[in-house]
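Based on the sequences and whatever the hints tell you, model everything.
For reference, the chains in residue letters:
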Amino acid sequence: MTEHQVTLDRRKAVARILADRGDALLITGLGSPTWDVAAAGDHPNNFYLWGAMGAAAVMGLGLALAQPDRRVLVITGDGEMVLGLGALATIAVAAPGNLAVCVIDNERYGETGMQEGHTAAGVDLPGMAAAAGWPVTACAWTKDDLEALVPVLHGDTGPIFATVKVTADPAPLVLPPRDGTVLRNRFRQALLGEMAFE
Amino acid sequence: MKGDGTQPAWPDEIFGVLKEAAVEQVCYVPDAGHKVLIERSIADNEITTVRLTTEEEGVAVLSGAWLGGQRGALLMQSSGVGNCINLMGLVQECRFPLLMLVTMRGEWGEFNPWQTTMGQGAQAALEAVGVIVHRVDDAALAAETVQAAARLAFLSYRAVAVLIGQRVIGFKEFAK
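Here the protein sequences come in this chain order: A and B.
Okay, so the first sequence: first residue is 280 according to this note's numbering, each after it adds one.
Okay, so the second sequence: first residue is 106 according to this note's numbering, each after it adds one.
Derived by calculation from the structure, the hints in this document are not laboratory data.
Keep in mind the model is a prediction, meaning the values are calculated, not measured.
Please note that a few of the clues may not be correct.
[To be verified] Residues on chain B that point at chain A, a partial pick, calculated with CB under 8 Å:
{"#": "1", "residue": "Gln-130"}
{"#": "2", "residue": "Gly-169"}
{"#": "3", "residue": "Cys-199"}
[Claimed, not checked] Below, a sample of chain B positions facing chain A; criterion: calculated Cβ distance under 8 Å:
{"#": "4", "residue": "Thr-153"}
{"#": "5", "residue": "Thr-158"}
{"#": "6", "residue": "Val-166"}
{"#": "7", "residue": "Leu-192"}
{"#": "8", "residue": "Gly-194"}
{"#": "9", "residue": "Arg-200"}
Just so you know, even glycine gets a beta-carbon here, dropped at the ideal spot from N, CA and C.
Written out as structure tokens, the structure reads:
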């Protein structure tokens with residue numbers, strides 16, 4: 280559907296984004312984005328979703344509203360994002376300035392046999408976000424686009440919605456912890472200290 | 106508005122309970138039964154309200170809120186319960202507190218048959234995915250039931266739904 284050549288590798292793209300994360304709080308959408316973030320290096324303020332498809336962006340919203348002085352980044356996939364498209368309207372209305380949602384878009388359902396997704400047929404997620412009222416939207420096709428996007432994701436006043444187009448090449452599984460109570464406890468302890476266990 | 110004979114007191118009493126429980130985020134898909142609670146939440150400077158497109162978003166929003174140190178409440182009508190079911194996996198696996206206040210349709214004196222399926226199935230659907238259900242069928246018990254539910258949710262880290270019966274809310278009139 281596109282005249283663009285897709286060349287970005289998902290693992291390299293995610294590692295590049297996270298290299299400049301600072302103290303950002305991170306939520307990952309289930310499947311490949313969770314493996315990508317784990318491959319870039321584990322961190323107590325990474326909250327990995329292993330399920331709850333469609334929840335990543337709105338979970339980031341709740342976290343961003345609760346922590347207005349911290350940057351919140353959601354890294355998810357195109358299939359996960361389209362399962363909860365209402366989030367584009369919900370987040371646009373709530374408009375947290377500290378939230379960025381970055382969709383790693385391979386135009387495929389990677390966990391289920393690489394079936395084509397909606398973006399493969401031309402559905403324009405940043406365009407939908409812009410139409411919903413997100414003040415900053417972007418689509419990165421090239422390495423230069425990605426370099427320009429990274430400081431926007433980590434620094435601009437949002438909410439920011441960005442797609443990074445990546446190849447459908449498979450990447451090896453890198454699995455983070457999957458026990459939800461471990462993930463929540465270490466996340467809250469790193470963020471809230473003693474308060475985490477009140 | 107309390108006890109003046111025109112407006113029931115229970116919505117204001119529930120709002121007072123949410124404030125006492127330190128609820129700072131209120132997510133909702135509107136229902137007539139939640140009108141007062143929604144309006145008072147919006148008017149409160151210490152509460153952030155989130156207007157949802159669908160109820161399951163609220164399950165995720167409040168999971169994120171609690172991860173970030175804030176308590177919340179999710180308001181919906183019984184027809185929204187079914188929308189939330191898969192995301193209960195998030196809440197249960199992570200032992201996130203979740204306080205849901207559900208105003209019931211499809212039961213006491215319902216006029217609209219399309220409300221009946223989810224209204225009658227709401228409690229069983231919630232319990233099938235491990236949500237603890239408290240019912241309120243007497244307006245005088247609404248506030249203390251929500252208070253107990255809030256304690257169970259936030260202090261014992263559980264998903265708890267309070268179903269506010271249609272008998273409490275009253276018939277929706279479809280007068281021509």
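For each hint, the structure was consulted:
no.: 1; hint: Gln-130; verdict: 6 Å, holds
no.: 2; hint: Gly-169; verdict: 3 Å, holds
no.: 3; hint: Cys-199; verdict: 3 Å, holds
no.: 4; hint: Thr-153; verdict: 5 Å, holds
no.: 5; hint: Thr-158; verdict: 3 Å, holds
no.: 6; hint: Val-166; verdict: 4 Å, holds
no.: 7; hint: Leu-192; verdict: 6 Å, holds
no.: 8; hint: Gly-194; verdict: 5 Å, holds
no.: 9; hint: Arg-200; verdict: 5 Å, holds
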